[in-house]
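Use these hints to put chain B with the ligands onto chain A, whose structure you have.
Note that the protein sequences, when read in sequence, are chains A and B. The numbering of the first sequence is my numbering, which starts it at 2 and goes up by one. The numbering of the second sequence is my numbering, which starts it at 1484 and goes up by one.
Calculated directly from the structure, the hints in this document are not laboratory data. For clarity, every value in this text was computed on a predicted model and none was experimentally measured. Where is the CB? At the ideal position from N, CA and C, for every residue including glycine. Among the clues, some could well be false.
Said to hold, decoys possible - Heads up, incomplete: computed chain B residues facing chain A, CB under 8 angstroms, no partners named:
#1 Y1672
#2 A1769
#3 N1860
#4 M1922
Said to hold, decoys possible - A few chain B positions that, by computed beta-carbon distances, are all more than 10 angstroms from chain A:
#5 V1660
#6 V1747
#7 G1838
#8 D1841
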Amino acid sequence: MIDAGVARAGDAEGPAVVYPASVEEAAEVIRAANRTGTRLIPAGLGSWLGAGGWTGPADVIVSCERLNAVQHYEPADLTMTAGAGLGMAELDDVLRPNGQWLPVDAPGVGAGTVGGMVACGVSGALQGRYGAVRDNVLGVDVVTGAGRVLRIGGRVVKNVAGYDLVRLFTGSRGSLGIITSVSVRLFPRPEADVTLCYGGGTTEIVALARTMCTSPLPIAAVEVEAGGENGETVMVRLLGSVGEVEEVLSRLVDSVGPKPRAIVRGDESAALHRDRGAWEEGSALVVRLAALPDRLADTFGRGAALAGALGGEIAADAMSGVVRVKASPDAGRDGDVVRELSRAREEMEAAGGTMTLSQARGEVAARVGWTGGRGSDGGLGTRIKELFDPASILAARCP
Amino acid sequence: MVPVTLAKSLVEICGRDGVILDEERLLVYESDALTAYRHRPGAVVLPRSTDQVQGAVRAIAEHGLPIVPRGAGTGLSGGAVALDGAVVIGTARMNRILDIDAPNRRAVLQPGVINAELSVAAGAHGLYYAPDPSSQTACTIGGNVAENSGGPHCLKYGVTSRYVTGLAVVLADGSMVRLGGQGRESPGYDLVGLFVGSEGCFGIATEIEVGLLPVPEGVCTLLGIFDRIDDAGQAVSDIVGAGLLPAALEIIDGPTIRAVEDSVFAAGYPIDAEAALVIEFDGMEAGLEHDAERAAALCALAGAREVRTARDEDERMALWKGRKKAFGAMGRIAPDLLVQDATVPRTTLPSILRGISDIGQRYDLVVANVFHAGDGNLHPNILFDRRDEHELERVERASKEIMQLCVDSGGTITGEHGVGLDKKHHMDLIYGPDELDAMWQVRRVFDPGGVMNPGKVLPEDTGPAEGAGLPEGIGGD
Ligand SMILES: Cc1cc2nc3c(=O)[nH]c(=O)nc-3n(C[C@H](O)[C@H](O)[C@H](O)COP(=O)(O)OP(=O)(O)OC[C@H]3O[C@@H](n4cnc5c(N)ncnc54)[C@H](O)[C@@H]3O)c2cc1C
Ligand SMILES: Cc1cc2nc3c(=O)[nH]c(=O)nc-3n(C[C@H](O)[C@H](O)[C@H](O)COP(=O)(O)OP(=O)(O)OC[C@H]3O[C@@H](n4cnc5c(N)ncnc54)[C@H](O)[C@@H]3O)c2cc1C
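Bound conformation, chain A alone (with noise of 0.2 angstroms):
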């Protein structure tokens, strides 16, 4: 059930929770709102509602959590159509004992929806083998702000009939409409999951991810963390069948960078990863930068530099040169916070690069911005929402 709390901090009655059963209920709602000019904010489990902030209060809040329903599964079509507020837990156990899975590895992205997945658009380390989230939704079915309901893309792997709205609503945010309903692309499970753990100083270890991402070997994903328990730690995952993720352990272990700290193997190093998705949990302040993957040692450094000052941790994922740093609640003065994440905003963009709050308080993301430089997109983004959500009756704005 979803905290209500945290969607308007401080007051103490908070916003209303509505459970739309069906397409049509959640369209009766978003005509109620536009009626009476209630501000919504769509959602999935609640899990992580902060992200990427609203302009303002909401008066209701639209859970999919009873839109959960699976309603089509072929597994050897390897497509699956299902009610956007089916957990991701709960698709991961109907799709295991096919040999199947959906690998979406975002931060946080286990302990929600599979429509919060959609609507957040975020994807993890995985997405150099398997796509970002974008890549595998097929079709989404969608209540639009304007009451519309809409059903877009389809359930089949390849589609280019019309434009591609399904992409216009993956990473939505809750800002354009509420999805219902998502079609997305399943793959076999792997037959071999390693991961090889390596240890070492900071410069040692960003060199090692490095080397990593530009070798043509098949590796999954590359991970780095530091400033945690562990101390500074490089992961590589290898996934595929046995014969070639063998293959490919034996030549990183013989040829490539220093001996491993560790392998973990089989569901172990499954664990490992969907351990770490929980990363961010109960951290107030959760900050993203990212630039171009070969810059990774200026944006880990850069990361270092904002979790020293706050006291936080940082992990990378090194293929796609993103860099995440958590801070704890107590992570000092607004004031402080303030400055040093627009110092950071500052030089990730100087570089051609971005910075951008995933969690703040309201306070500190008010005055930082949570995205920064909207680029130049010619204002297409606001016309967009403005085409959507005429009304602006969804809190989220344009992300």
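Then chain B with the ligands, alone, in the frame of chain A:
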């Protein structure tokens, strides 16, 4: 013909050799590879830079004429056809690879770069560009972006949209916007993803950033020969269902095999077979043999009469030849060819293939299938002679029935060739008025005046233009 004042400004912007006004030379641009639709453009402009594209767009817009972007003209849905005397902006001279950034596995290109040339250039760094439409030696990256093109190897690696990470786009008012870029992370809506597949209706892509992949160490190619096409369809379904992830799974049916074997492209496929299935795995040498053996066993189980394995690059090319030359071979046995492009859920392949064959028989038409089976993306080719009016009508009816059949099975009307002119009247098979209206409105966000490639993709907007208005029942109160 375009007004003299416009011709003059275009020459000023793009140079005398960058503007084509001559009626005869304009004929070259009257169609794309789907030759059923022919319209001569008012003029063709061939700019060399984004600046020149902007200048040309402004000049054309001032004269109130529509604009049609064009790459190599290999499209199969009439997308690059210039209706109503539109001016074509061709990207043929914007064909420079601006940067191959090997450490970041990406490249920045002008839109007129030929797909295959990118992989050649990237090859020097051990990298390649994954989406490989069968037309890759001719088609442009700009055209690929506009159509969201696929190819045989998209089964494992995904289609164009997965690889496009940034775009510079010239909009209908001549302004230039930059979407995404510098890798995958960019805040805001996924406007890059939205632009990919927009078929020239949102603007002209003048700079394209794409991701590259390392060239796999090994490749193993098999050819399964089947007496029944259903069995080949079943083998595809079984291979995918068994958790194998081949790089490509392509079917060539009996009529196509015979067309190929009768032609100069003869590839040595048995002419009495009803289907050939090309299966390719790539990756580490170590894992390939195991995967190939399992796939071969599944083919045998599904009823393959024979499974050949390529031992070296020459043998591999030979196995692929029948697939790659299929269109060329068919072009020789009939004056006209209509290629359909529906996608169906993979498990329905056997029954759909039977259904298509029935439809062909019912309308007394030769239908030859050669397609991306692993993705469920069909290419039934209807062979005909346009001069025979009765036959043409049967072709149209059969092709609509084929689309309907595929849609009814949970599929869609086009998997990679796009809607263009050819399928816009079939969009209502899959979308209702609300979806079509939403697409109209998104189109207007990019191009309020309807200047860019008008008359494509969406059936005419019949309802009143609602702007951003609310549907009935809302408002007041
Ligand atoms: C511990 C933890 C750490 C996380 N770290 C990050 C991070 O660093 N960066 C990041 O981006 N995400 C992060 N997330 C979010 C995560 O990736 C998932 O997207 C999220 O968990 C989805 O949860 P949910 O389904 O409960 O959605 P909610 O938490 O309810 O909603 C999340 C967002 O999606 C929208 N939304 C949800 N469902 C719908 C729907 N059906 N239709 C329309 N909009 C909808 C909401 O409006 C909101 O903007 C984290 C989550 C957790 C639990
Ligand atoms: C033999 C043969 C085999 C084929 N095989 C495949 C295949 O395997 N997979 C596949 O997907 N397709 C295939 N095709 C279709 C075709 O090659 C693709 O659609 C290709 O992407 C078109 O590229 P083009 O440069 O020829 O574009 P054109 O035909 O010139 O244009 C196609 C569309 O793109 C627009 N456009 C072109 N450039 C730009 C730009 N810079 N900015 C905006 N819009 C632009 C045009 O307006 C038009 O709507 C095949 C075609 C043939 C003839």
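Hints, one by one, checked against the model:
Interface restraint check for B/Y1672: the shortest CB-CB distance to chain A comes to about 5 angstroms, inside 8 angstroms, so the restraint holds. Given the 8 angstroms rule on beta carbons, the hint for B/A1769 holds: about 4 angstroms separates it from the nearest Cβ of chain A. The interface hint given for B/N1860 is met, as the beta carbon of that residue sits about 5 angstroms from the closest beta carbon of chain A, less than 8 angstroms. A least Cβ separation of about 5 angstroms between B/M1922 and chain A falls short of the 8 angstroms threshold, and the interface hint therefore holds.
A beta-carbon of chain A comes within 10 angstroms of the beta-carbon of B/V1660; the shortest separation is about 4 angstroms. Its beta-carbon lying about 31 angstroms from the closest one in chain A, B/V1747 satisfies the requirement of being farther than 10 angstroms from that chain. With a least CB separation of 16 angstroms from chain A, B/G1838 remains clear of the 10 angstroms interface cut-off, as annotated. The Cβ of B/D1841 sits about 22 angstroms from the closest Cβ of chain A, beyond the 10 angstroms cut-off, so the non-interface label holds.
Violated hint: 5 only; the structure is consistent with all others.
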